[in-house]
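Construct all of the structure, not just a fragment, from the sequences and the given hints.
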Amino acid sequence: MLNCKEVSLLVSRSRDRRLSWSERWGVRLHLWICEQCRRYQRQMAFFGWLARKLEADPSPMAGAELSPEARERIQKAIEAHRHDGCAGGGHCH
Amino acid sequence: MSGTSKLEPALWLERYGTYLFRYALNTLRDERLAEDAVQDCLLAALQAQAGYSGQANERTWLTGILKHKIVDIVRRDSREKPLETVDMENPYGEFEASFDETGHWGHVLAEWGNPETALENRRFWQAFEACLAAMPRRLAQLFMLREVVGADSEKVCQEMEISPTNLWTMLYRGRMSLRRCLERNWADGEGAQC
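Which chain is which? The protein sequence lines are A and B, in order. As numbered in numbering that gives the first Met the number 0, residues 0 to 92 make up the first sequence, in order. As numbered in numbering that gives the first Met the number 0, residues 0 to 193 make up the second sequence, in order.
Derived by calculation from the structure, the hints in this document are not laboratory data. Nothing here was measured: the structure is a model prediction, and the numbers come from that model. Even for Gly, the Cβ is constructed at its ideal location relative to N, Cα and C. Worth double-checking, as some hints may not be accurate.
[As the list claims (entries may be wrong)] Chain A stretches covered by chain B per the calculated footprint, using a threshold of three residues with CB under 8 Å from any CB of chain B: (1) 4-14; (2) 18-30; (3) 33-45; (4) 49-56.
As structure tokens, this is what we get:
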């Protein structure tokens with residue numbers, strides 16, 4: 000029977016790879032009887048919500064702006080490449 | 000409205016510069032690296048225009064390219080400053096202390112409530128940002144690469160030249176560290192809603 004410590008590692012791991020059949024059953028059995036680990040599992044699942052949220056709007060975390068210097072540098076790099084390649088762009092001379 | 004959208008490279012930086020920068024900054028945790036990510040993304044997008052099907056909107060398409068560039072930059076960054084070596088003998092590391100000698104939790108875990116509601120809450124994001132900032136940068140980057148950017152584990156291992164076990168152990172510690180920090184700095188104040 001797995002203990003909470005082992006289950007905490009496997010629940011984290013399950014977010015990165017598929018657990019083996021016996022690991023899955025071990026975790027499932029433990030969660031069935033352990034309220035604390037069910038909470039832990041919900042906390043880990045919480046992290047899964049971050050991606051969608053931050054892709055829709057990344058600003059709750061980073062409110063920073065691109066500096067004018069960086070903006071200028073990037074714009075110049077883009078212009079240089081657009082005039083090199085002109086691959087299907089709108090305003091190619 | 001036609002079914003497909005057209006790319007307008009001349010307007011990318013103006014339209015999406017701030018969005019792409021903030022998205023990259025969340026994971027890379029360094030303004031200079033995030034600027035590089037935006038530039039690499041837009042230059043790669045110029046090259047890739049022919050492959051744009053018009054199905055996804057322009058921003059979504061650019062974000063897809065940005066995600067690849069973020070992985071590349073974490074790899075480059077970790078070549079310069081290699082990963083802290085993790086003690087592999089004991090995967091639990093400092094979190095051994097979260098459990099008693101029988102392997103049970105040593106304290107009561109808080110209920111975090113409904114994620115959808117919590118993620119609308121400014122206090123959550125302040126705590127989350129502070130907790131990530133308190134972690135070693137590489138660990139925070141790895142956590143964000145997996146959970147937010149959605150980079151494939153195998154790809155991350157290849158790029159960073161680390162073993163899967165090493166990656167899983169680091170991610171475990173990253174998640175445990177965030178969990179503990181959020182519990183102290185955010186969930187506690189919310190009051191455990193059982």
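Here is what the structure says about each hint:
1. 4-14: As far as the stretch 4-14 of chain A goes, the hint holds, because 7 residues have Cβ atoms under 8 Å from chain B.
2. 18-30: This one is violated; 0 residues, fewer than the three required, reach chain B with a Cβ under 8 Å.
3. 33-45: holds (count 9)
4. 49-56: Check passed, 5 qualifying residues.
Hint 2 from the earlier list is the only one contradicted by this structure; the remaining hints agree with it.
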